[in-house]
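Protein chains in written order, with this note's numbering: chain A, 1 to 125; chain B, 1001 to 1596.
In case anyone wonders, no lab produced these hints; they're calculated from the structure. Every residue, glycine too, gets a C-beta built ideally from N, C-alpha and C. One should not assume that every hint holds.
Below, computed lysine-lysine pairings styled on BS3-like, alpha-carbon distance capped at 27 Å [what the hints assert, rightly or not]: (1) B:1040 x A:57; (2) A:8 x B:1040; (3) A:22 x B:1334; (4) A:99 x B:1040; (5) B:1310 x B:1175; (6) A:22 x B:1103; (7) B:1251 x A:8; (8) A:22 x B:1093; (9) A:15 x B:1144.
Where chain B lies over chain A, by a calculated footprint (3+ residues, C-beta under 8 Å) [unchecked claim]: (10) 9-18; (11) 62-72.
Short derived list, chain B residues pointing at chain A, Cβ under 7 Å [said to hold, decoys possible]: (12) 1003; (13) 1060; (14) 1083; (15) 1134; (16) 1143; (17) 1257; (18) 1258; (19) 1265; (20) 1268.
Below are the chains, spelled out letter by letter.
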Amino acid sequence: MKSLEELKAIRDRAKINVHLRKENSPDNIRVVVGMATCGIAAGARPVLAAFTEEVAKRGLQNVMVTQTGCIGLCQYEPIVEVYQPDGKVTTYVKMTPDKVDRIITEHLVNGKVVDEYTIGSVGNL
Amino acid sequence: MYRSHVLVCGGTGCSSSNSQQIIDAMEKEIAEAGLSDEVKVVKTGCFGLCALGPIMIIYPEGSFYSEVKPSDVPEIVEEHLLKGRIVKRLLYKETVQEDNSVKSLNETNFYAKQHRVALRNCGVINPENIEEYIAVDGYQALGKVLTEMTPQQVIDVILASGLRGRGGAGFPTGKKWSFAAANQADQKYVCCNADEGDPGAFMDRSVLEGDPHVVLEAMAIAGYAIGASQGYIYVRAEYPIAVHRLQIAIKQAREYGLLGKDIFGTGFNFDIDLRLGAGAFVCGEETALMTSIEGHRGEPRPRPPFPAVKGLFAKPTILNNVETYANIPQIILKGADWFASMGTEKSKGTKVFALGGKINNTGLVEVPMGTTLREIIEEIGGGIPNGKKFKAAQTGGPSGGCIPAQHLDVPIDYDNLIAIGSMMGSGGLIVMDEDTCMVDIAKFFLEFTVDESCGKCTPCRVGTKRLYEILDKITRGQATMEDLDKLEELCYYIKNNSLCGLGQTAPNPILSTLRYFRDEYIAHIVDKTCPAGVCKHLMKYTIDPNKCKGCTLCARNCPVNAISGTVKQPHVIDTSKCIKCGACMEKCRFGAISKK
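Input sequences plus hints: build the corresponding full structure.
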């Protein structure tokens, strides 16, 4: 170890590996991926992986990516729900890994819901 | 990138209830489920709630599973990790609320009042990976000290924080450092006392097992402050997990250049070696510890000269306890004012206690100084099992004393504990209920000191043995009131004349029980009874002829054939033959046998 900068570089690199282990704060945005049999069969796993990776890569400390069981709308899986600290819930349906990037940039970072991916836009409910 | 972390406790408590098997099973199941790239299994240090081990926490949800068995692992993987459904039946009961929702761990009684400073990384990071320590600001304090502060500034910060030694006596740490810094010498030493020998105490072990790097970092800071280039950690060989993790930590710190030559390019050299103690209690005494590091038989020597003047290898030396060191990096990073804002007027910061004895939540807790014993026992500790009444709490191990119920509301700090006849000690806290005989407890601790006396000075070597003999006589109902006077007189003699701390404090368990429970001593001596029903020789088993149905079960179970009687007739115990083992009372289905 030759300098403080070197130590700080290791810290920043290692930080993303442990930041998961925090008590969940009520100010966090929760991204919940449906991972029941229906969700997994429809391809929820790569979606979950894409969220985890992108959130870590951007160092979004206030976002928690987690999973849940079946919420009963199996034909719309993979379903991702985004819970904001103000209580607002957005439900994204028929998710794919390609859609993840846009949701993170527009919704999680800039607070603008990506309407065309939401359950409201697919209609017939 | 892992989406989930499974933290399993690898401390001594959970390891002895097979947490390694759980880790192995977890890794196997995760691999079989194809989740190896998504879920990471981490072996951590102690979470504190040892009574409910093995413990597992799964993040990001923060689900706290307790008493996990290897056979539960497939269900956890299938339900929680694969399908995202928390396995509620395994959750720590206190986190599940009445409406079946799950509350945060920090809101449970056990954790709500705790404030983790020394234990902040225990149960959070993998102690065998230096990068995880660095990720939580590890070694930043060392970097700050070496690049921005002078040795005197470091000492000033520690002085201003009010930190006092956590090993027992509570000497101000900053003062100790400034004495050693003031002495000029070609070589100085920094030692760490990890020879935690009090029965029932495991604070230091948990820090070493859960966060070994914090001790290395703090020792290097101390080395810079006093001008030492070599450190020694004296750790008990009975702590194999702690020793193993320290070895890994030292090796990694050397690889990263955080120990060794020219640290942070500042020209500061510091290295640390381990010395294993062979399990002698006296080696926890500072002069005996240094004698042992030097390779001699672990015996104390008179002070002065104090270690800061003439310590290890006759060079100026500082010696601090593990928990003391665990506070140092935080004080450097967050400042003396932050540390001094916690605690009482003369005792700053927090203290770790190992809760044991008759208490529901056996384990490790860290609370701000000034917390009352009642809060620790009734709220954090969850009270006493089986609805029994609190009788006393023993603090300070064999050097400490017993605190009775009337002092439950005294705020705990160094000075208050001494005022009520006990001491902080290293932090063992043994809770005793109404079924505990105080004479017997004093005898237990004296038996320990008799065993552990090194024999160098007569008051301790012969005196403690005599104390034990008098106590034994009392518990057998053979003592007189003159014996009691002699016992007390001898206590003060040993206290005043012993060479080291072990002898000087050995009579404390007797003196403090005499202070608060003298009537129990007198009951043993005058009435020949043991009020708590513990001392075998003073007990008498009798059969109530009205309740006895003559089933013969007691007679058949008596190992010495002391019970006679015919079928369907009340039986009788021959007290001259009875060895008071209690087997008959345990077996009787009609509650006909009682002991008095």
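(request) List, from low to high, the hint numbers that the structure doesn't satisfy. (result) 20
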